[in-house]
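So the sequences go chain by chain: B and F.
At position 61 of the first sequence the residue is numbered 61 (the working numbering), and the sequence of numbers has no breaks.
At position 134 of the second sequence the residue is numbered 134 (the working numbering), and the sequence of numbers has no breaks.
Simulated from the structure, these hints should not be mistaken for lab results.
Where a beta carbon is used, it is the ideal one built from N, C-alpha and C, also for glycine.
A couple of the hints might just be wrong.
[Said to hold, decoys possible] Residues of chain B clear of chain F, computed beta-carbon distances all greater than 12 Å:
1. Lys102
2. Glu103
3. Glu124
4. Ser139
5. Ala154
[As the list claims (entries may be wrong)] Label-pair restraints from in silico Cβ distances:
6. F:Leu192 to B:Lys54: 56 to 62 Å
7. F:Gly208 to B:Pro6: 34 to 40 Å
8. B:Ile46 to F:Ser170: 41 to 47 Å
9. F:Glu13 to B:Glu43: 46 to 52 Å
10. F:Val110 to B:Lys54: 48 to 54 Å
11. F:Val110 to B:Ala58: 55 to 61 Å
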Amino acid sequence: MPQLNPEFFVSQLFWLVVTFSFLLVFLWRISLPRIGSVLDKRERKISEDLATAKKLQAEAENIQEQIDSQLIQARSQATNILKQTSNSLQNKAGEELENLDKELDLKINDSAKTIEKNKKESLENIENQINDITKLTLSKIIKLNISDEEIKKAVKSAGRSVN
Amino acid sequence: MASKDGEKHSPLEQFEIIPMTHNKIGGYDISFTNSSLSMVITVAVITLFLTLTVNPRSIVPNRLQLVSELMYNFIAQLLSDTVGNNGKKYFPFVFSLFMFVLIGNMVGMVPYQFTFTSHIIVTFALASVVFIGVTILGFLNHGIKFFTFFYIPGVPFYMHPLLIPIEVISYLSRPISLSVRLFANMLAGHTLLKVFAGFVVAMPFFTGVLPLVFIVALTGLEILIAFLQAYVFAILTCLYINDAYHLH
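One chain only, chain F, in its complex shape (with noise of 0.2 Å):
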């Protein structure tokens, strides 16, 4: 994509993609791009450091080994207490989905490198997967009674002509502010980390300094920030999911 000069030291300009190889198949645009790129190297680092950091035959773990289970019993811990024994089937995927947000939140924060979950189309599809996924487990479970989950019992009859449409409405809202969320605090915290790094840039004699050590301390924000938000989205999933088998 063709930026303009204007556009060179815009805060957004970090997130513009940039194709690698040009690829079509079919008519589609399915180039590897640097946000492809960020997300391979997001799935490499969470599968070369589960894989290489567990050996399957120590008793005692050594200190990457305890990251390794620490993940995995977090995870593990955060299904039981939401959804309790139902739960253990989606842990792979629960599971996954939390690795993938945070360490691509995680390579997003290493300096030149690009967050793919700062763009709604990522987020949003991996919300749409939980949506359509829990909606379907809801249907699967319950059948034709999943549409109970709309109607909320010991509420004033009247109340339902409102109240019906509001619960639809904040199910179907799901998706939007599940990858809303994520997204926009991506995006506003590297556009906040760019804008600070101009002033940097910009400031004239040593008074640099002050905005270098804001960028400091915002970095450790976003890591929280990071980690957050990968967590945020992984305890909804599990909500959502818990919602599917106990309507209400």
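Here chain B stands alone, though its shape is the one from the complex (with noise of 0.2 Å):
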């Protein structure tokens, strides 16, 4: 068996020295630490890459919450501004409604007084027109003067019973 034959062990022994020496330091000192190195970035990036996340997703859960308070806020501020503005509408008209009340109030008084005043005026016309009536008519019937007063008071008598 050629394992057994010791011509060659000092050769392969130096050899394996050798070699093996070689590759245990460039394995030590450059292709483990490269490897290693890898490995690292990879993990740090990693986890970085989940705590960007994480801090995204508070981010995000934050700018949720402030949304939801801002549109409740909105939302209020609105039924608010609405309220503020019926009132004020229904304030607006009801005033306005006064006022016109009061303007036709003014406009139906005046009208009333104008018709008053007509009426008046009618019927002083009226009589005055029947006190120059019932003059002409006696000075035809009479020769007899009376005075415009006492023609006034007879027609008013008159007129008073009449009424």
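Dock chain to chain to rebuild the complex, using the hints, since each chain is given by itself in its own frame.
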């Protein structure tokens, strides 16, 4: 069996030491740190990304909360404004209605006064004319000079009884 | 080495050491042989693969880089599982040992390539490095208390005269079992392949196909064994290192 032939034992040991030492030093100093750094970097990158994702998620939740609260606020503000507007509109409408009522009352009063005045004037006119007619008739029937005052009184009393 | 005609087709012929140069230093023959060539190829394959496939800037690895990282993680996991945090210091050594044996076995699976792990002197040297290193480590960690490693607590006192020698022998036989396991596996596997290869030529007509099929199957098995033995070598090294920290 060639394995038991000691002729090349020293050579094999020598080359084993040479090659294995080279391998050990090379891997120890160059290859393994490189692979290790890659793995470290990847792990760090993954954990960093996870942390960033977590942070962003928290931020997003924050923003969502803000949006929600702002929405609630806006809604209440809107209802407030609506209430105020409808209130003020109602007030205004009420005022204007009152004003209109007042104006109408005034106009009605004016009209009533005018009508009264017209009526008075007309009645006076009629009275005067009755007086005139009475005077004329009397003067035609009897030559009697009666003063206007007396006629007026007479007509009035007659009118009163007629009325 | 002049081989006789009778040995020409011996299945053990493949383990013959053939010097390629003739060098002597201080009376010792350190000729560069086919075994040395295999070692150099093995080291070149490992260093080139681990250097060329790993791009330190890539966050996302490609397939080949993944292979390197898997090997790294495989041994790192093995060490942390068996030794724990103390094991990180020995990672380069265990990794080098694992890769050296694994790729040495794999290079040996290439036809016409020499398998240096099939030589007891090589495996014994590797196992001795582990054994001596672990023993020194044990003494460094525990001083003279390291000898309590051979004392098994919780055993009736009259058993100790029997158990302590057994423990000592089993400890001292560690490098032998470690080296012979690897050497014998490689020797047997390659011899078997060679024997069946001989059958292919020797069998008449087309019946030679049958041993050829066997060779294909055995080659698969040998590749499995090549990995398995490297793994066993590495895990036993880890366990020995663990023993140096935790005596019992």
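Against the structure, the hints:
| no. | hint | in the structure |
| --- | --- | --- |
| 1 | Lys102 | holds, 86 Å |
| 2 | Glu103 | holds, 86 Å |
| 3 | Glu124 | holds, 117 Å |
| 4 | Ser139 | holds, 138 Å |
| 5 | Ala154 | holds, 132 Å |
| 6 | F:Leu192 to B:Lys54: 56 to 62 Å | holds, 58 Å |
| 7 | F:Gly208 to B:Pro6: 34 to 40 Å | holds, 38 Å |
| 8 | B:Ile46 to F:Ser170: 41 to 47 Å | holds, 45 Å |
| 9 | F:Glu13 to B:Glu43: 46 to 52 Å | holds, 51 Å |
| 10 | F:Val110 to B:Lys54: 48 to 54 Å | holds, 51 Å |
| 11 | F:Val110 to B:Ala58: 55 to 61 Å | holds, 57 Å |
Of the hints listed earlier, there is not a single one the structure fails to meet.
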